[in-house]
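Hey, can you work out the whole structure from these sequences and the hints?
Chains A and B, in that order, give the protein sequences.
Under the working numbering, the first residue of the first sequence is numbered 2, with each subsequent residue one higher.
Under the working numbering, the first residue of the second sequence is numbered 2, with each subsequent residue one higher.
It should be emphasised that the hints constitute simulated quantities derived from the structure, not laboratory data.
Some clues are possibly wrong.
You can't tell identical chains apart in this list, so a pair holds if it fits in one copy or across any two.
Subject to a maximum C-alpha distance of 30 Å in a straight line, what follows is the list of computed DSS-like cross-link-like pairs (lysine-lysine) [stated by the list, open to error]:
no. : residue 1 : residue 2
1   : Lys120    : Lys79
2   : Lys25     : Lys133
3   : Lys25     : Lys177
4   : Lys50     : Lys25
5   : Lys118    : Lys79
6   : Lys111    : Lys79
7   : Lys50     : Lys133
8   : Lys79     : Lys133
9   : Lys50     : Lys120
10  : Lys177    : Lys50
Bear in mind the structure is a predicted one, so any value in this text is a computation, not a measurement.
Each chain, written out:
2 protein chains.
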Amino acid sequence: MLPLALYIEHTLLKPDATFDDISKHCLQANEFKFIGVCINPSWLELAHKILIPEIKRVTVIGFPLGATSSEAKAAETKWCVEAGADEIDMVLSIGQFKSNLFSYVREDIKAVVQAAKNKPVKVIIETGLLTKTEIATASGLVIESGAQYVKTCTGFSPGQATPEDIALIRHTVGAKALIKASGGIRTPEAALALIQAGANRLGTSQGPALCAGQKVGPAGAGY
Amino acid sequence: MLPLALYIEHTLLKPDATFDDISKHCLQANEFKFIGVCINPSWLELAHKILIPEIKRVTVIGFPLGATSSEAKAAETKWCVEAGADEIDMVLSIGQFKSNLFSYVREDIKAVVQAAKNKPVKVIIETGLLTKTEIATASGLVIESGAQYVKTCTGFSPGQATPEDIALIRHTVGAKALIKASGGIRTPEAALALIQAGANRLGTSQGPALCAGQKVGPAGAGY
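As structure tokens, this is what we get:
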């Protein structure tokens, strides 16, 4: 069996997560040796203090709507990198993408990639709001713009990671990008199916249960 | 009957709203002469071009989770004011508030108030995630921090504006703040009840129907 923990970004993005919730979440990541922890920017400094060095500090930008200005996303990214972020998960400018304003979308991603300096950037394309053709087009824009990962879902809009979408993204990006599957990962079998379809990372709040081989119930907002 | 349009901020915050959607939305605001339009930052420049001068350009900061850094919220605010925003609707640092980190919460609001220069700031306290006691405490922090409005809901978390919560907020803030009710306003009667309870503004995507005296169905995310 695959060592699932090496794929899992232990995720807690609920707006009402407290100091204690975040602290426990990070201690749990230390215990399970997850590849990373994914949290909101305002908790980055706390997480940085608690996490052991080998766990990646992942945070989110323009989250979860992707609808703020590119300048705001870049400023947010700059602050996060200074606060200790190792990886940056930004949300695509979904509305501009749907309006075929592809030049805007590319510049938006590039602004974050530049602000992230050499830290990997993942672009959440929000598959649940896109058609299959749009998923392929958006994935192409992500690699053209210099980001390292295509990521599926925020967990705050409809839709979840499916092996079919992961395979479609992998078919589109080939070896030019990595893929993070996120949203609705409920069983170890589902997690393995996403990895087999091409996912390099799994974003989930259910890492401990998944590693223990348990099926978990439906999650609330924030996967 | 009250002229409802003078209370309504015509709201469109869905992540997949397109150029055409935003354009139509602003033209509709011109037609109905709503007090304002509330849109995401990335569409502010477009809205600014379409809207007639007397309609307020309202935008959202740290939206809808409120969980980014204060520095990011301030940078986002600064950009929005330069892009033509007349009013700034920020989201409270809900997690820090729930952790009793009140000094953090105050400084977070103050950072946005300062970046907004003399533009009014509304603080969305997300009533659906708070107890009644927390609603009163949060409202107090908003006025202590120099913001002009307490606003109820983002529309992206559970909860909606109720006359009971508006009355509680009004009881707490007295004449020291204005109140924006937002989330789940479905009928003209509900709108009037919120105004009678103390609301100075109504945030809704259903303004045209409400002004026409129609009851509207349940909205999707983004009220």
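Homomeric proximity label, Lys25 with Lys177: Cα distance no greater than 30 Å: neither (36 Å within a copy, 39 Å between copies)
Up to 30 Å CA-CA - Lys120 versus Lys50, copy category: The answer is within: 19 Å in one copy meets 30 Å, while 37 Å across copies does not.
Intra- versus inter-copy proximity for Lys79 and Lys120 (alpha-carbon distance at most 30 Å): both (11 Å within a copy, 26 Å between copies)
Within, between, both or neither, where Lys50 and Lys25 count as close if Cα-Cα is 30 Å or less: within (13 Å within a copy, 48 Å between copies)
Lys118 and Lys79: within-copy, between-copy, both or neither at 30 Å Cα: Answer is both: 8 Å inside a copy and 23 Å across each meet the 30 Å cutoff.
Within, between, both or neither: Lys79, Lys133 at alpha-carbon 30 Å: Neither way: Lys79 and Lys133 sit 33 Å apart in one copy and 37 Å across, limit 30 Å.
Status of Lys133 relative to Lys25 across identical chains (alpha carbons, at most 30 Å): Only across copies: Lys25 and Lys133 sit 27 Å apart there, 38 Å inside one copy, limit 30 Å.
Alpha-carbon proximity between Lys50 and Lys133, which holds within one copy, between copies, both or neither at 30 Å: Neither: 41 Å inside a copy, 34 Å across copies.
Within, between, both or neither: Lys111, Lys79 at alpha-carbon 30 Å: both (13 Å within a copy, 21 Å between copies)
Identical-chain pair category, Lys177 with Lys50, by Cα at 30 Å: Neither. Shortest intra-copy (33 Å) and inter-copy (39 Å) distances fail the 30 Å Cα cut-off.
When each numbered hint is compared with the structure, violations occur for hints 3, 7, 8, 10.
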